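These protein sequences, in sequence, are chains A and B.
Just so you know, we're using our numbering here: the first sequence kicks off at 1 and counts up by one.
Just so you know, we're using our numbering here: the second sequence kicks off at 1 and counts up by one.
Honestly, the hints are just simulated from the structure, not real lab data.
Heads up, a few of these hints could be off.
What the hints assert, rightly or not - Over the 12 Å line for every Cβ pair with chain A, so calculated as not near, a few chain B residues:
hint, residue
1, Ala50
2, Gly51
3, Gly81
4, Ala84
5, Trp89
What the hints assert, rightly or not - Some, not all, of what chain A presents toward chain B, calculated at C-beta under 8 Å:
hint, residue
6, Gly15
7, Ala19
8, Asn139
9, Gly140
10, Val141
11, Glu142
12, Val143
13, Val146
14, Gly148
15, Val154
16, Met159
17, Leu164
18, Trp168
19, Val169
20, Phe170
Stated by the list, open to error - One-sided and incomplete, this derived list gives chain A residues near chain B with beta-carbon spacing under 10 Å:
hint, residue
21, Asp25
22, Glu147
23, Asp151
Model, not experiment: these values are computed from the prediction.
Cβ atoms here follow ideal geometry from the backbone N, Cα and C, with glycine treated the same way.
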Amino acid sequence: MGAMAHWLHMSTGRGRRLAAYAAGDLAGPQRARAEAAVSGCPGCRREIEAHRRVAQTLRATPRVTLTDAEAGAFWSGVERRIETRERPHRIPARPALREMLWDHPRLSLASAAAAAVLVVGITLTQMGGWLSSSNGFPNGVEVVSVEGGSDAPVMLFQMPGSSLKVIWVFEEPTAE
Amino acid sequence: MGRSVRRRHGVFLSLVLLLALGSLLTLPPLATGQGAVPLKVQVIYAANEAGGVDGRLGTLAAELQKTFRYSKYELLDSPQGSAAVNQGWRTGLPGDRSLEITPTAIKDGEYTLTVRVQASGGQALVNTRVKLKAGRTVLVGGPTHQKGVLIIAITAG
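Chain A extracted, bound-state conformation (with noise of 0.2 Å):
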């Protein structure tokens, strides 16, 4: 019963709360709710001792410092390791044709890629082009040119969800 109290505690966001009373971060009416919950529960005042455990453990560990000697010698250090460390090779400052196509891999790959979407475009060129297709002839109909008659303005439009291209004729209303 005590680990199920303990697990829904847990479960429920009262951990952090826990944290903050070990640390004794929390005051008043807030403590005194963390102290009734904790009482009942054996999980969570086992949890509490491991935050304070923890708290302890960390004020005990001793900082790390340095000498001013040490200060001193570590930027230069650090400057001397890099100096001394093999220099990359020259590189030509202007490559052959060959050795950037043909000898390095990436180039190679990307001249590949290149020439697919080259041939990949030409294609669609020659066929007709879904470009054309996809962008202004998006339902399969466009109205390339509309005029009316001297006394018959047009109008053309299209209602929103519907795929019906609409060229609308005003005429004047005549007895048939």
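Chain B: place on chain A using the hints.
Just chain B now, kept in the frame of chain A:
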């Protein structure tokens, strides 16, 4: 880089370039077949009067109801035919009007049509050029008829 690695990349690049060249050479010729264009026209009477939606309109009925707010859609006529490029196809419309459709180009399953609706006196009500993919429909509406209007659905292919 090792000689064998360079060789592998070279072979790979050569294969890709050969493949690209082969694809270009084996492309089908441009689809510019010039044949007769099947044409289907539905002449619809739309009005705000009793009558409901004509069941013969099929799937077009739902699209009409999304587009317009008439209460009645009646299929008056559904002439069909075909026309070669640059040859007109003509059909009569209610009110002694006429509809003339002339295909001007066929390319990759897309039809370019010139559509003219003429009033009874011969004057043009509308003159339009449309591109339709096979099976797609464009509407020309508005000419008055009885208490409503005519809507002409034109489908190519």
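Hint check:
At roughly 20 Å from the closest C-beta of chain A, the C-beta of Ala50 (chain B) stays outside 12 Å, upholding its exclusion from the interface. Listed as outside the interface, Gly51 (chain B) is consistent with that label: its C-beta sits roughly 18 Å from the nearest C-beta of chain A, beyond the 12 Å cut-off. Every CB of chain A lies more than 12 Å from the CB of Gly81 (chain B), the least distance being 20 Å, so the non-interface label holds. With a closest Cβ-Cβ approach of about 20 Å to chain A, Ala84 (chain B) is found to remain outside the 12 Å limit, as its non-interface label requires.
Look at Trp89 (chain B): its CB is around 18 Å from the nearest CB on chain A, clear of 12 Å, so calling it non-interface holds up. About 55 Å separates the beta-carbon of Gly15 (chain A) from the nearest beta-carbon of chain B, more than 8 Å, and the hint is not met. Of the supplied interface hints, the one on Ala19 (chain A) is violated, with its beta-carbon coming no nearer than about 56 Å to a beta-carbon of chain B, more than 8 Å. Among the interface hints, the one on Asn139 (chain A) holds; its C-beta lies about 7 Å from the nearest C-beta in chain B, closer than the 8 Å criterion.
Checking Gly140 (chain A) against chain B: minimum C-beta separation of about 3 Å stays under 8 Å; hint holds. Nearest Cβ of chain B to the Cβ of Val141 (chain A): about 5 Å, under the 8 Å cut. The hint holds. Here the hint on Glu142 (chain A) is kept, as its CB sits about 4 Å from the closest CB of chain B, short of 8 Å. Annotation: interface hint on Val143 (chain A) holds; nearest CB of chain B at approximately 5 Å, less than 8 Å.
Because the beta carbon of Val146 (chain A) sits about 4 Å from the nearest beta carbon in chain B, less than 8 Å, this interface hint is met. Checking Gly148 (chain A) against chain B: minimum C-beta separation of about 5 Å stays under 8 Å; hint holds. A least Cβ separation of about 5 Å between Val154 (chain A) and chain B falls short of the 8 Å threshold, and the interface hint therefore holds. Satisfaction of the interface hint for Met159 (chain A) is found here, the shortest Cβ-Cβ separation to chain B being roughly 5 Å, below the 8 Å cut-off.
For Leu164 (chain A), the interface hint holds, since its Cβ comes within 8 Å of a Cβ in chain B; the closest pair sits about 5 Å apart. For Trp168 (chain A), the suggested interface contact is upheld, since its CB lies about 5 Å from the closest CB of chain B, less than 8 Å. The interface hint given for Val169 (chain A) is met, as the beta carbon of that residue sits about 4 Å from the closest beta carbon of chain B, less than 8 Å. Here the hint on Phe170 (chain A) is kept, as its CB sits about 6 Å from the closest CB of chain B, short of 8 Å.
At about 61 Å, the closest approach between the beta carbon of Asp25 (chain A) and any beta carbon in chain B exceeds 10 Å, and the interface hint on this residue is violated. The beta carbon of Glu147 (chain A) is positioned within 10 Å of a beta carbon in chain B (closest approach about 5 Å), and the interface hint is therefore held. Given the 10 Å rule on beta carbons, the hint for Asp151 (chain A) holds: about 8 Å separates it from the nearest Cβ of chain B.
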